[in-house]
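> Could you build all of it, start to finish, from the sequences and the hints given here?
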Amino acid sequence: MDFEPRYTEEQQTFRTEVRDWLKDNVPDDLANPADSADTTYDDYLQYRALGRDLGEKGWLWPTAPTEYGGGGLTIDHAIVLDEELDEYSLSLPPYYDSGGRLGGASILVWGDDDQKERFLPPIFKGEVRTWQLLTEPNAGSDLAGVQISAVRDGDDYVINGQKIFVGSSHGAEQYWTITCTDPDGDRHQNLSWFIVPAETPGLTVVPMDLLIAGGEGGAGTGHKNTIFFDNVRVPASNLIGGENNGWQVATTHLELEHGSGGTIRRNRLVDRLFDYARELKRDGQPISKDPEVQELLVDVFVEAEISRLFGLRNYWMRHAHQKLAHEGPQSSYYRKTSGLRMGEAILKILGPYALTDDPKWDKSDSHMEVFQRSSIVALHPGGTAEIQKVIMSRRLGIGRQVREQAGRLA
Amino acid sequence: MDLSLTEQQELLKTTARDFMEREASKDTLLELEETESGYSDELWQKASDIGWLGMLVPEQYGGSGSSLTDAAVVYEQMGAGPLSGPFFSSGVLGALTILEAGTEEQRQRYLPSIAVGREIASLALTEPDYGWGLDSVSMRAQPTDNGYVLSGTKLFVHDAASATTLITAVRARGHEGMTLMMVDANTPGVSTRLLSGFMGWVGEVTYDSVEVSADAVLGEPGAAWQPLQRAFQKAIPILCAYQVGGSQAVFDMTLEYSRTRIQFGNPIGRFQRVQDHIVNIINHLDAARWTTYEALWKLDSDRLTANGLETSIHLAKAVTTEGYYQACNGAHEVHAGIGVMKDYGLTLHTQMSRTLYHYLGDPRFHRKRMAETLDF
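Protein chains in written order, with this note's numbering: chain A, 920 to 1329; chain B, -2 to 373.
Everything labelled a hint here was simulated from the structure, so no lab data went into it. Glycine included, every Cβ here is placed at the ideal spot set by N, Cα and C. Among the hints, a few may not be true.
Not the full set, but computed from the structure, chain B residues with beta-carbon under 8 angstroms of chain A [unchecked claim]:
1) Glu56
2) Ser255
3) Ile265
4) Gly266
5) Arg270
6) Ala284
7) Tyr290
8) Leu312
9) Ala315
10) Arg364
11) Ala368
12) Phe373
Ranges between beta-carbon positions, derived for each pair [claimed, not checked]:
13) B:Arg256 to A:Met1127: 53 to 59 angstroms
14) A:Glu1046 to B:Gln5: 45 to 51 angstroms
15) B:Gly128 to A:Trp940: 53 to 59 angstroms
16) B:Phe268 to A:Glu1092: 42 to 48 angstroms
17) B:Thr370 to A:Tyr926: 25 to 31 angstroms
18) A:Ser1060 to B:Ile335: 32 to 38 angstroms
19) B:Gln42 to A:Ser1060: 56 to 62 angstroms
Here's what the structure looks like:
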């Protein structure tokens, strides 16, 4: 076994190239606030420009196929990129985007040749940003129950309805959405996915007022929106995976969203917490010297380590094309529930300091206060913790032979 | 990055699994549960023949000098039994302790016999003031003209009854640190007694003016604590692998039961409250597996920078010991009545998970050590 990437000489040369390029191309003044909703429009534009520059080099979606604008690089190259970007607290892509990891990956599996050629290069090159539109007011955990309707009309489909918990701040160029194309059809046999250009008439985007926005992995999500569809007309050639075949496509999408993608990133929250606990004083000594605080700090460390290892395992499984079963939802479940426990531990460790982002008194650049909120919000995106357990149970075949397979990823 | 086993390790795993199926079936293990030693001569001999006691003994001392991960792959299959007997006590902890703390002469004297199972060396460290820190060792060794006299009690000694040599931790007068003594179990004044209760093959050893010669000292007097800690570092992840194997077996039998046990007209696994327990078990199992194998990888890695090594080992032990314990609890929630019938086999694991809970430091102990290695 080998828990770390091993680099060939060629890959180390690649690292030097990446490092030099990032030094020249990452703007010095790019802010990375704890709450990504605080990212200004100017900074957002800079992140997008950086994304396009990375895309030009094939580094935005490094393992995506070159014929569709990806980098065509190996997993080890992707890791090198990830590690070097992590030095700047950046991820790939450097802004919220559901295009490459979710939409693009799904189109790669389910799109026809024409669709792959049309939709994938702009995604993989960072020319467009895509938001996923799944949840509706009456379809949360029960995604198959979406009600937004898409009705065939000549060469188009006409979409009407509402999606919530969408995207991020500062807009997107296109939407990736699941609709109901046969309201009377059998469950799981009446859904269809579309790419919807954002400038299509009839779309209205309204920001939601939430405790904080949260998402599954990737860069911070900014704020969330409601999107209303009022007779939105989309060409039939934007239907991905065939009419009423949307549940099949969804299994690919959800597999990735449920944590099967994995990650090799460190959780910086733990380092920040340790530093904070060494700095704050109580009864004349750093609180980190208090044995009870130490117990709580270790609790946080243990949870974070297990989360890291699940993410690492899934990252390897995905890239080594191992057969996935319960691992995706397990990682998601663990991250969600341990996040809540970590939030509680941090509240006990830091006291009221955990709850303030007051610039005069907070010493964590808002990270602790943001985590108090985001760890609650993180319970729902990509399926609630309870739903993750339901999926795990099916994949493991608890009470029955294994019926549900992990979604197709390639 | 590659989290799969090597081909050779897959082969080790298959061989070990086949051996367990053939030689250590549930019925055999239930019979062995009633014995003082936890093994039969026949089983011990067969396991020795396939090299299970010499895996961590270097080739020059008659073993196979396997990597820790190789040994862990085998111990995981042993844990799935769970196979009783002093395999870990002698083949892993005993061998590593002698290797780390002993002189060259002592290695040559003991290791070849341990590697073939002729000698069984168990560590007698803990005392009535139970603990795994240096301060918990207080038994005295009084120097004499040509050796030492040992008096005192060692308690909760694993595989005490089957040991031919008790590696006994003492305070030798005139030396600040801890001293290890190689005490032949047949020396006059040494007596071992198996403790009864919800634990297996754990004993009390009393030393009543036991005379040993000066060359019984393993390495240098007063200098054994550091080498012993090095032996612990390597041995602990192997014990963890054994517990991972146990947790996996508990998960497998619980999953199977959830499919076959019908109540209210349904397999009980269709009930989400039952599913919760099984999901909980596999979360403990997977956390245990990956913390354990990461620690093993760090130990075996040829480019080890020692970065986080100690923390990793403490993490693995804390998570895995807790995991095995909780996996058994979850399994009992699912199995209910049948789970406590001894011939079903679950209680073999339940008792083992309790027996190993405090061995080489309980989860709390290792969490405290983590607070030190993380430098709060």
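> Which numbered hints turn out to be false for this structure?
1, 5 and 13
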